[in-house]
Amino acid sequence: MFTHVAMADSCESKINNIQKQIDYAKKHNNTHRVTGLITAQKEITAHCNKSSLVAKQQQKMTQKKQKIIERQHQLAVAEQTSDTDNILKKRKKLSKAEEELSTYSKAP
Numbered sequence: 349m350f351t352h353v354a355m356a357d358s359c360e361s362k363i364n365n366i367q368k369q370i371d372y373a374k375k376h377n378n379t380h381r382v383t384g385l386i387t388a389q390k391e392i393t394a395h396c397n398k399s400s401l402v403a404k405q406q407q408k409m410t411q412k413k414q415k416i417i418e419r420q421h422q423l424a425v426a427e428q429t430s431d432t433d434n435i436l437k438k439r440k441k442l443s444k445a446e447e448e449l450s451t452y453s454k455a456p
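The numbering of the sequence shown is the working numbering, which starts it at 349 and goes up by one.
Note that these hints are calculated values from the structure, not bench results. Heads up, none of these hints are tricks.
Within a straight-line C-alpha distance of at most 25 Å, the following computed SDA-like cross-link-like pairs (lysine to any residue) qualify: (1) LYS438 x MET409; (2) LYS441 x ILE417; (3) LYS454 x CYS396; (4) LYS413 x LEU423.
Across the chosen pairs, the derived CB separations fall in these ranges: (5) ASN377 x ALA403: 35 to 43 Å; (6) GLU447 x ALA403: 23 to 31 Å; (7) SER430 x ALA388: 49 to 57 Å; (8) ASN378 x VAL425: 48 to 56 Å; (9) GLN407 x GLU446: 17 to 25 Å; (10) LEU436 x LYS368: 44 to 52 Å; (11) SER361 x MET409: 15 to 23 Å.
Here the structure is a predicted model, which means the values were calculated and not measured. The C-beta atom is built at its ideal place from N, Cα and C for all residues, glycine as well.
Please put together the full structure from these sequences, using the hints given.
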């Protein structure tokens, strides 16, 4: 899970990133882009908070867990066919999905 500091940094970094894009768009006289970015910046300022970031993280974790379940099912089906190459392929995909979940779980 995110720490409170990491969440604040995440919201702050989103705002700073958009500000850089606004500055670039202004520099190149792209008024439509500036308008859209200002709207996006206001939305982030209004809605980027601890609960929204936690909800997003939980949603991503759920998606990654769902992918593992899907890969496990695919492996089980492949094992019934006795196709060694296909089984190895499915094991590799399952391993990758598990690694993604593990990596994401350890992210600050």
